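**Student:** Chains as they are written, first to last, in the UniProt record's numbering: chain S, 1 to 104; chain Z, 1 to 104.
Rather than coming from a laboratory, the hints here were simulated on the basis of the structure.
Remember, identical chains collapse to one label, so a pair may be satisfied in a single copy or spanning two.
List time: in silico DSS-like cross-link candidates among lysine-lysine, alpha-carbon distance up to 27 Å: (1) K42 x K99; (2) K99 x K84; (3) K99 x K73; (4) K57 x K99; (5) K84 x K57; (6) K73 x K39; (7) K84 x K39; (8) K73 x K57; (9) K42 x K84; (10) K57 x K39.
In this text, all values refer to a predicted model and were calculated from it rather than measured experimentally.
Protein chains: 2
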Amino acid sequence: MGQSHRLSPPTPAQDCQELTDVERAIETVINQFHCYAVKGQKEYLTPNELRELVVQKLPHLGKVKCVGPLDEKIECMGDPDEAKLEFGEYWDMMGDAAKGCRRK
Amino acid sequence: MGQSHRLSPPTPAQDCQELTDVERAIETVINQFHCYAVKGQKEYLTPNELRELVVQKLPHLGKVKCVGPLDEKIECMGDPDEAKLEFGEYWDMMGDAAKGCRRK
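Pulled out of the complex, with its shape left as it was, chain S reads as follows (with noise of 0.2 Å):
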């Protein structure tokens, strides 16, 4: 797996307190992208890196039923090694699936 990334934060100095939580989660949702991101050296997921990521990391998210599991958007991928999922498209399918999980 790819190393992980620091949001770091941005200058000037005297902004250096530690992330929020959000900034915090954000980063590990970027993380998740780097690490399985392998083959695209972290420019982008293939269908297998993404369906590894889905089976590993999202194990509830990913059987999320009233938005379609994401396995079926994985299929409508094409080549399951070769087809390129870049962080845009990634940060999307995230958000299908947490749309999908959102209680009142």
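Following the hints, put chain Z in place on chain S, whose structure we already have.
**Tutor:** Leaving out everything else, chain Z in the frame of chain S:
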């Protein structure tokens, strides 16, 4: 602020292990929307509510230059107290901030 929301693992019962770090991260991002979407009763955020979220919860991410700071995007949303940002648009904005601070 609205109360938070728990991602409940879907049935069947044996699928009851704890959420993974990524699922908890996604849950955290969802919860912020619910916490700040008071006027819209968790259905939408107003620009003012989103600005408050960004200032309080994204002190670093919100200032990421390369994407264009979030407050510029909030400016374009319309009436600060009347315009409505639904969950999908909120998730997209968090994705913009995430894209902006991804470092290879």
